[in-house]
Each structure stands twice: as C-alpha cells, then as structure tokens.
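A.B. asks: Residue numbers (my numbering), protein chains in the order written: chain A, 447 to 642; chain B, 13 to 236.
No lab work stands behind these hints, which were simulated from the structure alone.
We treat Cβ as the ideally placed atom computed from N, Cα and C, and that holds for glycine.
Each hint should be verified, as a subset may be incorrect.
Within a straight-line C-alpha distance of at most 25 Å, the following computed DMTMM-like cross-link-like pairs (lysine to aspartate or glutamate) qualify [to be verified]: (1) A/LYS639 with A/ASP620; (2) A/LYS483 with B/GLU80; (3) A/LYS483 with B/GLU201; (4) B/LYS134 with B/GLU201; (5) A/LYS491 with B/GLU80; (6) A/LYS491 with B/ASP104; (7) A/LYS577 with A/ASP592; (8) A/LYS639 with B/GLU66.
Just a sample of chain B residues kept apart from chain A, beta carbon distances all over 12 Å, derived [claimed, not checked]: (9) ILE36; (10) TRP37; (11) ALA41; (12) ASN59; (13) ASP97; (14) ASN100; (15) GLY113; (16) GLY122; (17) VAL145; (18) SER155; (19) GLU199; (20) THR202; (21) ASN205; (22) GLY206; (23) ASN235.
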Amino acid sequence: VEPKGKGVVTAVLRTVTGVALVIGALLLGPPAGAAVKAVASASMKVASGSFGAIPTTTTSGTPSAGVLTLVFTDPTPAAQVFSFYNSGTLPLVATTAAVALSGSAETSTITVTLTACVGATWSGTTCSGTKTTIGSWTQSTSGTTDVFTDGYAAAARVSIEATVANSGSTGTLDTAVTLTVTSSPRQYRAAIKTNS
Amino acid sequence: VRIFGYAGAHAGQTAPESKPKTRIWLATAFSGAILAVTAAGVFAGLNATATGTEAASSGTLSLTLGAETGSAGFGQTISNMAPGDVSNVYVDLTNGGTIAGTGLTLGVTGTGSTLLTTSAPKGLAVAINGCSVAWTVSTGVCSGTTTALLASDPVATLTTTPGSLVSGAVAVGAVYHLQVSLSLPTETETTTNGTPPVGTIQGLSTSLTYTFTESQRTATTTNS
Chain A
447 VEPKGKGVVT
457 AVLRTVTGVA
467 LVIGALLLGP
477 PAGAAVKAVA
487 SASMKVASGS
497 FGAIPTTTTS
507 GTPSAGVLTL
517 VFTDPTPAAQ
527 VFSFYNSGTL
537 PLVATTAAVA
547 LSGSAETSTI
557 TVTLTACVGA
567 TWSGTTCSGT
577 KTTIGSWTQS
587 TSGTTDVFTD
597 GYAAAARVSI
607 EATVANSGST
617 GTLDTAVTLT
627 VTSSPRQYRA
637 AIKTNS
Chain B
13 VRIFGYAGAH
23 AGQTAPESKP
33 KTRIWLATAF
43 SGAILAVTAA
53 GVFAGLNATA
63 TGTEAASSGT
73 LSLTLGAETG
83 SAGFGQTISN
93 MAPGDVSNVY
103 VDLTNGGTIA
113 GTGLTLGVTG
123 TGSTLLTTSA
133 PKGLAVAING
143 CSVAWTVSTG
153 VCSGTTTALL
163 ASDPVATLTT
173 TPGSLVSGAV
183 AVGAVYHLQV
193 SLSLPTETET
203 TTNGTPPVGT
213 IQGLSTSLTY
223 TFTESQRTAT
233 TTNS
C-alpha cells in the first residue's frame, strides 16, 4: 500500500502530463480545414552583366580603374596615344569622354583634340583604320563632354590619339590633360528579349 | 487414497463425518458445470452475424515541373543580363495526381543576398503567361490562347509573398504551358572610369528557386 502522500503526487503528475499532451496535440496537429499541398520547384542561375570603360595608356591586360592624365610640356608637344578599355562584360555602343585642361592652358590658346582609330591602332601618327574625331576642347570648354559613338566589345580597346595645338602662345607649354570616361545605361548594347 | 476413503481406516472402524460433505461438494460442482454448459448453449443459439466489404483508397495530389519542348527550362543559366533585358523560359506544370487542386501559387527565392533578389525597384522581376497549347519556344509565340497569370512582380516580393497564378480549381491532369519572363529593370546608373556606382546592380549573381504550390480541393462529404 502506497503512502497517501505519494498517491496524491502521482495523481497530480498524471493530470499535468495529460494536460500537456492535449496542449501539444493542439499546437502541433493540423488546424481544422488544413489541406494537403503539392509542391514543384526548380532552380536557375542568373547573373547580371556590367558596363564601363577605363582610359589607359596600357596596351595589354586589364588596366586599373581611374582617370588618366596626359602632360604636354613642349612648345610643340608630340601627340600621345592612349585607349578606351571596355572593362565591363557588356558591349559598349558609345563612350562619353570629359577633358579637363590645367596648367598653362589656363592662360593660353590651347586646343586638345581626341581622335580614335577605329578598327586599327595608332602607330605614331598613322592610323590604318578609320579616323574618328571624338572632340576638341579649349580653355573655355574645359571639363565638358563629347561622346565617342563607335562600339567596342568587352575587354576590347579603342586606340585614341591626343594632340595639343598652341595657336596663340610662343612661350613654354605646360598643360595637363585629364581624361575621364563614363558609361551610362544608354551606352551599353540595347536591351534584348530572349526565348530559350 | 485420501479423497474417497479414510486413510486411517481399519477393519471394523467407521469413516469420519467429513466423507458425506466431500460428496456434497462434488455433486454441487458437477451440477454447476452442467448448468453453465447448458446456459452457454442456449445463448450461442441466439447469436447472428452480418458482414460486408467496402473498398477505400486515398487520392494523390501531385505537381510536376518539366521543360517545354524546345526549351531548356529552369535548367539553364541566364548570364550577363543588362538592365532592360527580358529572358523568357518555358516550362510545363502538370497537376498529375488524382485529386483536383486549388490555389496555385509561385514563390521565388534566391541564393545570396544581393540587390538582384532584395531590391524591388532595381532587382529581378518575374511575370508569367500561360498558353492553352505548347509555346513555340524559338519565337515566344502562343498559337492558342494566352492568359496572363502573374503580372511582373519583383523577386524581392515573391520571396516573402508568393504570387497567385490560379485562384480557383486546378483540374486533375491539367497541364499549364508557362512562359516565365525574368526581367532586369532599366537603370540610370553610370560607371565612371571603370568604377560602378555604390549600390550597383552590375556584376551580381544568384540562383533562383521557383516553387509552385497548390492545395487540395475542398474536402467533400458524399452520400451514395
């Protein structure tokens, strides 16, 4: 015969256990009206492209991003060659160039002209491709932009010649030409719709 | 023998008085047994049994997904998307169970946590059209009847709130020929000297998981 106190404790434990089981069943069990569901799923990899151009004097490899500064110091400075490098994964259909003049350009009559050699590379002052003038800048137009409207593929280069003409000064030329290129959404290939 | 005789009896001696009592007990037990057997026989004769057989089986609810003829379906990789691009993928969704479904929905989730799947205005969006017959994948043309099942909805939204494709019944055996249009919204960002702006949508990747879900039709009570 169990002691009376032990019997009471056992009864209480059984009651608590029963209540817990009922609550658990209510929480875990399907609510009224729950239905069977069917699921079908599949995965697909997606990646976005990138667009951009870098002005650079390098001729191979991937150049570092950043502006390009060309310095012309002679009274009759020689032309300098650089390129626009397509650093994105999307083909570019145009590139915007901004040229800023500094140094003696501030006080002299200086004109900076950028000319692309489309389809070939500048060799000295010779272009075996098609010469395309991108734009010309003077002191008054320093900092403005012009657009190169030929396209070039990802990782491709467009060879460009920069020339400086000093028409009004006979003194020493000391001009820095800073090139900044930008690529806006209008300048990568047109949006496309594919079915596959 | 201690039961029917007196173990200590000798010639000329009488048995103790307990012998008649034993006989009485034995007689009583024997009578009780006879009554019990008789009663059981009476009740057994009143039993009756009727049996029947009913076949019952549960139905199935099943959705299956496959590529439309001529399409690689979701097994392909969409790469190098530019803002404004649309990529149409064609799949067949079949309600192949024996129970009709209801409330067909689509949820889309992406791996990683990039703007492609977390930004509603800049990230990927999904739209779905249905065709009453198989799509001509190469041209994206539906020669039957086209039904807009889901207007363009950002993945960022579909991740948390599945979109409704069919609000009503999904018949047993129904095949939905779906054109899944994945688009990247147009952007206004500008890349300067090869450096994209902060918060760019460029150069990102993810693996999208499309999950189609339906519920069973409403449970019914039949009388037959």
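A.B. asks: Which of the numbered hints above does this structure break?
C.D. replies: 1, 3, 8, 13, 14, 15, 16, 19, 20, 21, 22
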